[in-house]
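S.K.: Below, each chain spelled out in residue letters.
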Amino acid sequence: MAIAILLPVAAGFLVLAVRNYYVRNIIVIATAIVLIANSILLSLRGPFTYTPGGFDWGLLITILDYAILIFYLYVGISLRNWLVLIFALTQILPLAYFEFVMKAHIEVAPAFVVDHLALVMTMVISIIGSLICIFALRYMYDHEHHANIEKSRQSRFLFWLVLFLGAMNGLVFANNLVWLYFFWEVTTLCSFQLISHDRTKEAIHNAARAVWMNSTGGTAFILAIIYLYATQGGSSALSVQSLISGGIQSSVAVLPIALLCYTGFTKAAQMPFQSWLLGAMVAPTPVSALLHSSTMVKAGVYLVLRLAPAYAGTYLSVIIAIAGAFTFFATSALAISQSTGKRVLAYSTIANLGLIIACAGINTPLSIAAAILLIIFHAISKGLLFLCAGTIEHQIWSRDIEDMEGLAAKAPLTTLITAVGILSMFLPPFGMLLGKWIALEAAYTVPLAAVLFVLASTLTIVFWTKWLGRLLQVLPKIERPFEKLSLSYSVPLWTLLAGIFVVGIGVGPIYQNFLRAATNDVISGNQIIALGLNNLILTTPSFMQRDILGLFPVWPLYLILIVALLLPLLLIGLKPTELRPVYMCGEQTGGTDTDEWLAEADRKTKFQLGGYYYQSTLGEKRVNPWANAIAILLLVIMLGCGVIVI
Amino acid sequence: MRGDRYMMIKQFLFVLVTLVGAPIVGGLLFGIDRKITARMQGRYGPPIIQPFYDFFKLLGKEHIAVSKLQFVWIYGYLVFMIASLIFLVMKSDFLLLVFLLGFAGVCLVLGGFSTKSPYAHFGANRELMQILAYEPVLLLLAIAIYAQNGSFLISEIFIQDKPLLFTLWPLFLAVLYVLTIKMRKSPFDISTSHHGHQEIVKGVTTEYSGPYFALFHLAEWYEIILLLGIISLFWTNPLWVGILIALAAFLLELLIDNITARMTVGWMVRLSWSVGLILGIINIAYIYYTKGVS
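Protein chains in written order, with the numbering used here: chain P, 1 to 646; chain W, 1 to 294.
Calculated pairs, DSS-like style, for lysine-lysine (alpha carbon to alpha carbon, straight line, at most 30 Å):
| # | chain 1 | residue 1 | chain 2 | residue 2 |
| --- | --- | --- | --- | --- |
| 1 | P | Lys477 | W | Lys61 |
| 2 | W | Lys61 | W | Lys35 |
| 3 | W | Lys61 | P | Lys575 |
| 4 | W | Lys57 | P | Lys477 |
| 5 | P | Lys201 | P | Lys151 |
| 6 | W | Lys291 | W | Lys91 |
| 7 | P | Lys484 | P | Lys575 |
| 8 | P | Lys606 | P | Lys575 |
| 9 | P | Lys410 | P | Lys477 |
| 10 | P | Lys621 | P | Lys201 |
| 11 | P | Lys604 | W | Lys68 |
| 12 | P | Lys604 | P | Lys575 |
| 13 | W | Lys162 | W | Lys10 |
| 14 | P | Lys575 | P | Lys410 |
| 15 | P | Lys575 | W | Lys68 |
| 16 | W | Lys10 | W | Lys91 |
| 17 | P | Lys477 | P | Lys604 |
| 18 | W | Lys57 | W | Lys68 |
| 19 | P | Lys151 | P | Lys484 |
| 20 | P | Lys484 | W | Lys68 |
| 21 | P | Lys410 | P | Lys484 |
| 22 | W | Lys57 | P | Lys575 |
| 23 | W | Lys35 | W | Lys57 |
| 24 | W | Lys68 | P | Lys477 |
| 25 | W | Lys91 | W | Lys162 |
| 26 | P | Lys477 | P | Lys575 |
| 27 | P | Lys606 | W | Lys68 |
| 28 | P | Lys606 | P | Lys477 |
| 29 | W | Lys68 | P | Lys410 |
For the record, the hints were derived by calculation from the structure and aren't laboratory data.
Let the hints inform the model, and build the full structure from the sequences given.
M.R.: Now the structure itself:
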């Protein structure tokens with residue numbers, strides 16, 4: 001376990017020190033391989049708990065906490081960004097109060113509890129995150145060459161990227177809330193450094209926004225810690241396990257739970273906090289890939305999901321379901337109006353996180369299982385799509401969907417992979433749809449959420465199909481040889497592509513052997529504590545005995561997919577004599593593969609096609625005020641739930 | 001064991017009969033459509049089996065290619081349409097059926113997008129808006145069925161004594177409206193139509209010709225049977241009442257087709273997202289109100 005957290009930190013510093021491109025690559029690749037192997041070994045070993053000893057780790061963490069917060073103060077002052085400053089102060093002052101005035105003595109044993117959910121998360125983080133780091137090696141090289149940057153800052157970039165993985169692993173393992181808070185802050189710090197990496201005005205501005213929005217979450221986190229410490233009698237309350245075990249009098253514990261959920265919402269960029277994640281798009285694409293697939297936002301949904309048993313059966317749970325479903329709906333609608341590829345991806349991420357959070361809020365065994373499946377499938381597909389977006393960007397040097405017009409002609413291989421990635425986001429038999437299908441079945445207890453799911457998933461079809469359509473447009477031609485991709489690009493791309501199919505087709509056995517245990521761990525936090533924390537034997541009763549897939553015929557559906565699309569793709573061959581130009585009322589000029597026609601006064605004109613973006617009905621300017629107002633209202637109700645219960 | 005095998009063989013034969021029978025009945029329905037429409041317009045009209053003549057003639061025509069992907073997607077359209085029909089006759093999961101139907105629709109749209117043809121693009125964009133208009137209604141129907149029966153399974157509908165129509169009549173109205181959209185008949189002959197319209201030529205199918213256009217027709221025949229099958233789910237005990245209702249709905253569509261003019265895409269989506277969804281939501285709310293949540 002120490003490897004999962006500390007190796008990335010060590011490798012990060014090593015990478016920072018090494019200036020040679022090739023040596024650095026070897027270090028990153030080796031780290032990636034060790035991390036992947038380590039996460040698999042951990043999962044094979046099963047759940048365990050751990051408390052590091054021999055050194056006052058708590059002190060180190062406290063010092064680093066202050067270091068990070070003081071750094072935010074510095075950022076706030078140097079950028080004259082008062083929001084960053086204010087929300088750094090709202091964290092540092094309560095923290096100081098907590099430690100010096102309340103003289104909190106924190107002793108949480110065990111400090112780390114690694115259950116099946118944490119193992120699932122560390123697999124996602126280590127495997128997908130590592131692949132993205134490998135992709136970043138070449139990407140940053142190209143990126144700096146294209147921008148003609150004199151002094152290479154790749155080392156620094158890779159440092160934060162690799163460090164991020166360590167912090168995320170720590171976050172999902174931590175049981176001690178104070179440590180969890182520390183890892184939480186480290187991920188915020190990493191995201192700030194990575195978003196602002198390009199040092200443009202926009203990048204720094206957006207990075208600062210990411211910090212202050214997440215700092216409001218951090219503030220809520222500290223308040224929750226203080227409240228728990230003060231009302232629940234000391235440090236024994238500051239453990240994730242005791243929170244979810246219901247060992248605390250639940251009526252009093254609702255407020256801190258609501259605060260922690262708020263923290264999760266900020267990190268998962270739920271409405272009205274979506275703007276920080278959208279702003280984060282200015283960063284180099286590997287950062288987006290990492291933030292969206294395996295780290296950062298997944299920390300937000302992890303926390304909400306983790307706490308699910310703590311708010312089960314309360315109004316808070318219903319509100320969380322509705323707030324998540326609303327985000328799913330509103331951001332899916334907003335995605336239709338976006339013409340930048342990465343912004344479409346970003347909105348889709350926020351939408352799917354909303355869906356996952358809604359599943360946590362629905363809070364039945366079925367919906368929790370759906371949430372875990374969605375986390376995994378979303379990480380794979382979205383990781384792949386962001387890497388595709390990065391690859392496309394380095395082929396056409398643009399992020400605009402309109403510039404991707406006809407990419408199938410220029411870069412058929414990239415288009416093919418992107419097309420599979422896009423289809424895997426919203427169509428059967430792929431995993432995302434499987435998750436949605438389960439979620440819809442689970443949603444019957446919260447009918448409003450079910451209706452929002454339906455509307456949102458329809459909107460999802462529209463924006464994905466629209467984008468894919470822009471890529472496919474080609475002129476009649478026979479040969480389209482695949483383009484060559486650098487290994488650093490193609491290995492992560494192919495691995496993730498294979499992952500979609502392997503996990504998708506094998507979802508039945510994977511669920512039975514691995515995810516069912518994770519679902520049970522989420523639902524039954526109290527069972528673990530009853531058995532004694534230090535001796536974590538998972539004999540928890542299985543709530544999820546039924547076969548999750550029910551009547552979702554995975555294999556036959558993949559067979560249909562092969563018959564429907566793969567076989568025609570491989571078997572249909574065109575002969576040159578069959579080629580004809582498209583119908584242009586007989587006004588074409590030249591051969592079959594020209595796109596010129598005789599416009600008015602017989603002038604030769606290229607005809608041009610464009611996508612629809614429905615700006616007047618679904619543009620951000622029009623939708624945002626309403627959607628944000630509703631989202632803020634839901635947040636107020638959510639926190640209100642916590643207060644009123646007291 | 002023996003009984004199981006007997007059931008399996010029976011089900012397999014049933015699927016086989018559907019695969020062969022559906023396009024025949026579907027083609028005949030389109031023939032009847034042309035005949036009745038002609039009579040309404042004071043014409044004599046083609047023979048009822050004209051669609052089959054057209055189909056085989058198209059099959060014999062030479063291949064003309066504008067792009068390879070276009071052909072891939074039309075196969076996808078056909079196969080997913082057949083798959084959803086099989087889901088229906090096997091009385092499987094209704095929600096999944098709707099998702100598969102959605103995939104079929106997406107294939108048709110992408111087929112239109114994978115050429116550089118302005119008319120195909122017009123059609124594809126409009127077809128996508130049609131999906132936006134009808135998909136939520138069908139999904140809401142799935143949720144309403146779940147609320148009513150506690151399951152998405154079509155076989156569960158067949159067990160119930162009381163027809164769905166009694167409790168789901170608002171959604172029945174909305175589904176009639178979906179039928180008009182899916183049949184691409186006036187006022188919704190927007191993405192393509194059975195008669196050429198100048199500004200879109202043949203819309204999303206403009207660039208299909210010969211055998212591949214025949215595939216599109218084949219898929220349409222499966223589609224009409226699928227849709228009428230969904231409508232007949234509203235009255236499954238006895239099933240012949242449901243089938244009569246579906247046929248009546250079909251005739252109603254012909255009448256509507258002949259007495260209305262085509263409308264715009266925006267109008268369609270707005271109508272569907274206001275009237276259609278409100279009908280669906282009120283319907284679901286009512287079921288929850290009467291049955292209680294969970």
